[in-house]
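Please arrange chain B on chain A, whose structure you already have, making use of the hints.
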Amino acid sequence: MSEATLTMDMDVTPQEQEKEKAGSSTFSRVARYTLVRMVLLFLMVIIGVYLTILIANMGGYVDEMRRGFIREEVSVAIFADESAEMKRMTSEGKKALIEEQVALAEKRLGLDKPFIVRSFAFLKDAMTLNLGRAEIMISDSGSSQVRLILLERLPPTLALWGAANFVLFFLGLFLALYLSRKYGSLLDKLIVGLAPTSAAPAWFYGLFLILIFAAILQILPFGALVDAPPPESTVSYTLSVLKHLILPVSAILVSSIFANAYAWRTFFLIYSSEDYVEMAKAKGLSSREIERRYILRPTLPTIITSFAMILIALWQGAIILETVFNWPGLGQTLFRAIGLYDTPVIVGSAVIYAYLLAITVFLLDFIYALVDPRVRIGGEGRQA
Amino acid sequence: MKTLKEITRYPSAVAGLVIILALVAVSIYALITMPYSEAVRLWRGGAEVWYDHPKTAQPVWMNLLTGDNLPLTIIMSSEDGAASKSATAVSEDRTEIMISFPFDYSYDGFPQELSVFFTAQYNEKQPFVSLSWLTPDGREIRIGDSSIHPSDTYRISQDAKLKRRLNGELPERGLFADPAAETLVPLKGAYELRVSGLVFEEDADIDAKLVIYGQVHGLVGTDHRRRDLRIALLYGTPIALAFGLMAAVGTTITTMAISGIGAWYGRWVDMLIQRVTEVNLILPFYSTLIMIGTFYSRSIWLMLGVVIVLNIFGAGIKTYRAVFLQVKESPYVEAARAYGASDRRIIFRYLIPRIVPMLLPQLVTLVPLFVFIEASLSVLGLGDPVLPTWGKVISEARRNGALYEGHYYWMLEPAVLLGVTGLGFSLLGFALDRVFNPRLRGL
Chain A
312 MSEATLTMDM DVTPQEQEKE KAGSSTFSRV ARYTLVRMVL LFLMVIIGVY
362 LTILIANMGG YVDEMRRGFI REEVSVAIFA DESAEMKRMT SEGKKALIEE
412 QVALAEKRLG LDKPFIVRSF AFLKDAMTLN LGRAEIMISD SGSSQVRLIL
462 LERLPPTLAL WGAANFVLFF LGLFLALYLS RKYGSLLDKL IVGLAPTSAA
512 PAWFYGLFLI LIFAAILQIL PFGALVDAPP PESTVSYTLS VLKHLILPVS
562 AILVSSIFAN AYAWRTFFLI YSSEDYVEMA KAKGLSSREI ERRYILRPTL
612 PTIITSFAMI LIALWQGAII LETVFNWPGL GQTLFRAIGL YDTPVIVGSA
662 VIYAYLLAIT VFLLDFIYAL VDPRVRIGGE GRQA
Chain B
-18 MKTLKEITRY PSAVAGLVII LALVAVSIYA LITMPYSEAV RLWRGGAEVW
32 YDHPKTAQPV WMNLLTGDNL PLTIIMSSED GAASKSATAV SEDRTEIMIS
82 FPFDYSYDGF PQELSVFFTA QYNEKQPFVS LSWLTPDGRE IRIGDSSIHP
132 SDTYRISQDA KLKRRLNGEL PERGLFADPA AETLVPLKGA YELRVSGLVF
182 EEDADIDAKL VIYGQVHGLV GTDHRRRDLR IALLYGTPIA LAFGLMAAVG
232 TTITTMAISG IGAWYGRWVD MLIQRVTEVN LILPFYSTLI MIGTFYSRSI
282 WLMLGVVIVL NIFGAGIKTY RAVFLQVKES PYVEAARAYG ASDRRIIFRY
332 LIPRIVPMLL PQLVTLVPLF VFIEASLSVL GLGDPVLPTW GKVISEARRN
382 GALYEGHYYW MLEPAVLLGV TGLGFSLLGF ALDRVFNPRL RGL
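If you're matching them up, the sequences are chains A and B in order. Read left to right, the first sequence gives residues 312 to 695 (my numbering). Read left to right, the second sequence gives residues -18 to 424 (my numbering).
Only chain A is shown next, with the shape it has when bound in the complex (with noise of 0.2 Å):
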């Protein structure tokens, strides 16, 4: 098992720490780490965004779109010009207009400019979020937009991940800390032997699911967000959705639990062997006050960096999730765009995954500051 961390650095050079030791509050001290990470990441954002435009125009397409909707603006403002002027104008010479329109509006963006500068004009619309419109695909709402478009399937895909990782999170850690303190029971073996299982990932358990309870016994749903028609009521509506939850949380749980509660049982297992737990024990202490003040407090950001990973790695396996289950989140649209061919809602949902991920890391960063003492209190923050 990889026990990768995520660089929790701050980037402050010793003698600033020095400073902040002397004298500064521990929610200073959290704020001022939190608005570095911040910034930090903004800037990741921003590198990452920058190579997926680079990517994605290296074979030109990001200057193709936005030629071709420059010049269906241009085509349809003249076309839509009902003056006088342009009623007398022959076919010939609206074409020799738009043209010039075009050439007029193609150089108002830059796009006569050499590709360096031009990408940096890409990359500030796709950090606003100004995407571009979708070539074949349209919102529910009825935008072309590919902003409207992708924000749109944001929800259910919050909803089905932000439900599995709680599950996976809160049940990972019970069970972890089941099992280091029934270490070498029959459960205990079951779940490390059933640990090498997480090779595979979500999707594919997901696969096994559908069968036996879709195909098979008939009693779940095979995919999609609510029954068809959906309900009409709020309540039956939540409880279709929730029924439509069961098969993908239940697919990422298998994909992941077993590794999950086989690693952190080691690391409590691990740190139940410290001194100053036997010496907590010596003291007589309750065996629920040493788990949760000498075992879970000190794991805690080694546990959450452990989870950072798993959450990340989930995020990226989410396309092919939603797609199994035909779940109407980001993940699918994507899909869908790539039968399509739909280019710039390709590149726009790649932009707001970077996004999402930069979010979840922030968030992560953000809960291990809380947890962590070394940021908390300022000491040696950095990891090596």
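In case anyone wonders, no lab produced these hints; they're calculated from the structure. Hints may be right or wrong, so weigh each one.
Just the calculated beta-carbon pair ranges, DEER-fashion [as the list claims (entries may be wrong)]:
#, chain 1, residue 1, chain 2, residue 2, range
1, B, E105, A, K405, 57 to 67 Å
2, B, G286, A, K398, 50 to 60 Å
3, A, F480, B, V401, 28 to 38 Å
4, A, L674, B, I13, 52 to 62 Å
5, B, N418, A, L365, 32 to 42 Å
6, B, N418, A, R378, 31 to 41 Å
7, B, S278, A, E393, 39 to 49 Å
8, B, D159, A, E543, 31 to 41 Å
9, A, D392, B, G26, 51 to 61 Å
With the Cβ distance kept under 10 Å, some of the chain B side facing chain A (calculated, not the full set) [what the hints assert, rightly or not]:
#, residue
10, V(-5)
11, A3
12, L4
13, G26
14, T269
15, I271
16, M272
17, S357
18, V360
19, N381
20, Y389
21, G400
22, G403
23, S407
The beta carbon of each residue, even a glycine, is placed where N, CA and C say it ideally should be.
Structure of chain B alone, referenced to chain A:
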């Protein structure tokens, strides 16, 4: 050798090794019996390669499993002697050719389809054929007649007139149905299809091939395009192994080298590597692969390269860095530096050997990850356009509703192979981790 001995103490490692060796054996078998071009031809050849296979037919062993007795495909041709053919001259320029296809039908299910494929040799005047069907209980059913082209197919199952004559029953059912039975069951016994043809030229000739498509086919069944899944399942093995191993070796070694360099030179090099790792963390992996697959090429080799590049700055880099930093401060490196060893010598002779025990379990554990990435790309429709892979079979099964329509074998076979491959490497990786990390031993 000592390590090998230690590994054999873990039953899970032995199981993993057995699985991996079996997969390697299958790969070698696949590569020997089916060269690359042959595999691609059989998989993408088109209708002429697969036309006498049934559509989405279950594997033959399903008969044993379910206790049913579903029909296999019966193929008879007048060219290879399975059907008897006789020619009698009727007049000067007319010859009557009789082709008879006698066969026994003893299955409990109806066939999937019935087709007769004709090949005719003539110069100008088209030959004329009429077909009739003899059942075991002595009935004779006229199927139909038509004139034929040099290469012609008569799809008996799609003959609407015949369907009307059979009281609206589909021909493949009506021709086999037992008229005495209450329910629709096939009548078992000796059947015969008679083709009587008339040719109107001296050198003209007709040959015919009867295909009674079964409901089960081969060891692993067929897909919606009548392709034998055996090709994809067999050839998918070397592809999956090659992709997984190459990607794992590529990323692990590069990651190790980069983290070693970073830890050694420190300062801005280390800083840069750390930052790149963070950018890589938020670079959407599949989206990047999807963009590359959509905009440039879906070749498996390009994908392999991109997967390696995107994974170099992954989780492993921090783990290696920690160990390298620890070794860097150790006395023997200090001694080496004191006698004036070059940086390169220290990195390659002192740092890297120290890290190899960590590297091996990591490498083996990474293989399933990459095997599944390749399958994931296929499921997303970004698989290699020509190669038959497990992921592509899953993808096609999904798109054609294999689970809705009950063709479970179609989805399960590649999925089980994927799962077994993943498990094999994962089991071995876990055991290696324990062998090389004494801290984990006994936990």
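So, going through the hints one by one against the coordinates:
The hinted window of 57 to 67 Å between B/E105 and A/K405 holds, with their beta carbons roughly 59 Å apart. Taken as a hint, the range 50 to 60 Å holds for the pair B/G286 and A/K398, whose Cβ atoms sit roughly 58 Å apart. The hinted window of 28 to 38 Å between A/F480 and B/V401 holds, with their beta carbons roughly 30 Å apart. Judged by the Cβ atoms, the range 52 to 62 Å given for A/L674 and B/I13 holds: they are separated by roughly 53 Å.
Between B/N418 and A/L365 the CB atoms are about 39 Å apart, so this pair conforms to the stated range of 32 to 42 Å. A beta carbon spacing of about 56 Å between B/N418 and A/R378 contradicts the range 31 to 41 Å that was offered as a hint. One distance hint, 39 to 49 Å for the beta-carbon pair B/S278 and A/E393, holds here, with the actual separation near 48 Å. For B/D159 and A/E543, the hinted distance range of 31 to 41 Å is not satisfied, since their beta carbons lie about 51 Å from each other.
A hinted range of 51 to 61 Å holds for the C-beta pair A/D392 and B/G26, which are about 56 Å apart. Violation of the interface hint for B/V(-5) is found here, the shortest Cβ-Cβ separation to chain A being roughly 13 Å, above the 10 Å cut-off. With a cut of 10 Å, the hint placing B/A3 at the interface with chain A is violated, because the nearest CB-to-CB distance is about 17 Å. Given hint, B/L4 at the interface with chain A, is violated; its Cβ is 14 Å from that chain's nearest Cβ, farther than 10 Å.
With 10 Å as the threshold, the beta carbon of B/G26 stays out of range of chain A, its nearest partner Cβ sitting at about 25 Å, so the hint is violated. Evaluation of the B/T269 hint against chain A yields a held restraint, the C-beta minimum of about 6 Å falling below 10 Å. Hint on B/I271 holds. Least Cβ distance to chain A is approximately 6 Å, under the 10 Å limit. At about 5 Å, the closest approach between the beta carbon of B/M272 and any beta carbon in chain A falls short of 10 Å, and the interface hint on this residue holds.
Evaluation of the B/S357 hint against chain A yields a held restraint, the C-beta minimum of about 5 Å falling below 10 Å. Using the Cβ-Cβ criterion of 10 Å, the hint placing B/V360 at the interface with chain A is satisfied: the shortest such distance is roughly 6 Å. A cut of 10 Å between beta carbons decides the hint on B/N381: the least distance to chain A is about 14 Å, and the hint is violated. The beta carbon of B/Y389 comes within 6 Å of a beta carbon in chain A, closer than 10 Å, and the hint placing it at the interface holds.
Look at B/G400: its Cβ gets to within about 6 Å of chain A, closer than 10 Å, so that hint holds up. The closest approach between the C-beta of B/G403 and any C-beta of chain A is roughly 4 Å, which is under the 10 Å cut-off, so the hint is satisfied. With a least beta-carbon distance of about 4 Å to chain A, the hint placing B/S407 at the interface is held under the 10 Å criterion.
Violated hints, in rising order: 6, 8, 10, 11, 12, 13, 19; the structure is consistent with all others.
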